[in-house]
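*Asks:* Those sequence lines, one after another, are chains A and B.
Reading the first sequence from the start, the letters are residues 1 to 389 in our numbering.
Reading the second sequence from the start, the letters are residues 1 to 68 in our numbering.
Fair warning: there could be bad hints in the mix.
Stated by the list, open to error - Across the chosen pairs, the derived CB separations fall in these ranges:
{"no.": "1", "chain 1": "A", "residue 1": "S139", "chain 2": "B", "residue 2": "F40", "range": "51 to 59 Å"}
{"no.": "2", "chain 1": "B", "residue 1": "F40", "chain 2": "A", "residue 2": "A157", "range": "13 to 21 Å"}
{"no.": "3", "chain 1": "B", "residue 1": "S52", "chain 2": "A", "residue 2": "K276", "range": "52 to 60 Å"}
{"no.": "4", "chain 1": "B", "residue 1": "V53", "chain 2": "A", "residue 2": "T252", "range": "51 to 59 Å"}
Please keep in mind that the hints were generated in silico from the structure rather than gathered at the bench.
Glycine included, each C-beta is placed from N, C-alpha and C at the ideal position.
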Amino acid sequence: MNELGIYHDTGVQTACNSHCYGAYKNTARFIRPSRMPRLMQREQFLDMSHRVTSGPTSIHYTKHSRWTYEFPFIFVIPPATENFSHDVPAACRVLPPSFRIGKCSARIIPIGTCLRLAIQYELAVSVDYREYSFRQWASPRQVSGGREIHIVPYTEACPPTEISDFPGEFLMKVTVPLRNRLFTNQIGIATVVVDEPDPLVYTSETPEPRTECGVKLFIEGAQLLQKRLQGLTISTKSRIRAKTFYSGQPITCIPIQADLAERSGLHLRDEISNLKHYKFRNLSWIPYNEPPTQFEEHVATYQIRVIPDLQAGGKWLASFYLPIVPQENLTPSFCSTLVARSYSFQAHFVLEGLASGPVDLEVPLQVIYPFQKQLSERIRQTSRGIRDI
Amino acid sequence: MASHATDEHPLMMETQTPTCSSPTVELELCGGSLEVYRPFDSLEGKVRIISSVELQVDRVEVSFKGKF
Chain A
1 MNELGIYHDT
11 GVQTACNSHC
21 YGAYKNTARF
31 IRPSRMPRLM
41 QREQFLDMSH
51 RVTSGPTSIH
61 YTKHSRWTYE
71 FPFIFVIPPA
81 TENFSHDVPA
91 ACRVLPPSFR
101 IGKCSARIIP
111 IGTCLRLAIQ
121 YELAVSVDYR
131 EYSFRQWASP
141 RQVSGGREIH
151 IVPYTEACPP
161 TEISDFPGEF
171 LMKVTVPLRN
181 RLFTNQIGIA
191 TVVVDEPDPL
201 VYTSETPEPR
211 TECGVKLFIE
221 GAQLLQKRLQ
231 GLTISTKSRI
241 RAKTFYSGQP
251 ITCIPIQADL
261 AERSGLHLRD
271 EISNLKHYKF
281 RNLSWIPYNE
291 PPTQFEEHVA
301 TYQIRVIPDL
311 QAGGKWLASF
321 YLPIVPQENL
331 TPSFCSTLVA
341 RSYSFQAHFV
351 LEGLASGPVD
361 LEVPLQVIYP
371 FQKQLSERIR
381 QTSRGIRDI
Chain B
1 MASHATDEHP
11 LMMETQTPTC
21 SSPTVELELC
31 GGSLEVYRPF
41 DSLEGKVRII
51 SSVELQVDRV
61 EVSFKGKF
């Protein structure tokens, strides 16, 4: 059995509207909205069942007049969902993580504006029994219970993003004019280029991971700029953007923002996590000859005048690394049939002391929980736990 | 004979303690409960049924489910 779905919770009892999405079963059968429950639709994508056929391993009768029956069970958490199509990218076959975003409060949020997305794992038990009472067995009855299990899958790093596959999604290079002051003559141009950072890697050894984004700053202009560069301070504000895509229809690949206009039913929820601000001073400037040519398709160039002085001026390059240290634990990047999450790193640069246009860049960021480094630690931990019983 | 033979109980409670003589069902995991489980981890434990009267247990089904 393998069902997938999604639900919206309006926060109050209300009928499904167009944002109440359907579910599908075995990638083929869609459930019409009219057949769905009114408040929320919860569908399964994993269902592992174990029926205990043998009798209880122990029966106790205590002095408090209570009978206790115990039945053992064991499951092994699978690495992937049960039934997936080979058309689905490998990264999307991994078991999605426990996940919950959004809050609903009927007191403060108007009807229809509340969105809550969740991926939830539960260990559930159902028991059929009969009571022995008045010297006879009563008719069969059922009791059930369960508990939530928090799952984080293993995910591996993908190769650096092929930026050309994500038109309009990222901005890797910005060129802006430089002036002494606002509304004065242009004295040069600055080009800021960023590289995709290495993934943020969560392991048992690095529960608070960090990575960094390489930044190159190309300055071209009149010779008088050279003196200004020595005292140039670059102020940065950066943040991590979590992009949660969700859909009522199966997602066959990792969505991008351009898909929002093309695929009906696909939605994006943005969440921002601000990072520490940094200032970079006393940069080491070196002359360069060739201008940066990479990421030509993902460039923002502001109106720049080509002035004769530039030809007689100089070209200087400085580079530095911008730390990326999230303030909170991040869910791994993932995609599943109906919900996917990816991250990007956004950086805003200000060249203090020079008047320039805004420099805002956005690069992909992977958040991964790799398998190899953690497996031995998990085995040790589990073995210790079992021994402690 | 108990008078609530047709009672239905909601699923997914941590533990359930119905009224009167209905039994309580508990799920105990070996080693306590890990904060986070990962693929290939084992979910191993016991179903414990506590009742004030003697029971005939006909079926015990444990399931591990993932839901949106």
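*Asks:* With reference to the structure, classify each hint as holding or not holding.
*Replies:* Hint check:
For S139 of chain A paired with F40 of chain B, a C-beta distance near 42 Å fails the hint of 51 to 59 Å. Here the CB-CB span from F40 of chain B to A157 of chain A is close to 19 Å, well matched to the stated 13 to 21 Å. At about 59 Å, the CB distance of S52 of chain B to K276 of chain A agrees with the hint of 52 to 60 Å. Remark: the range hint 51 to 59 Å for V53 of chain B to T252 of chain A is upheld by a beta-carbon distance near 54 Å.
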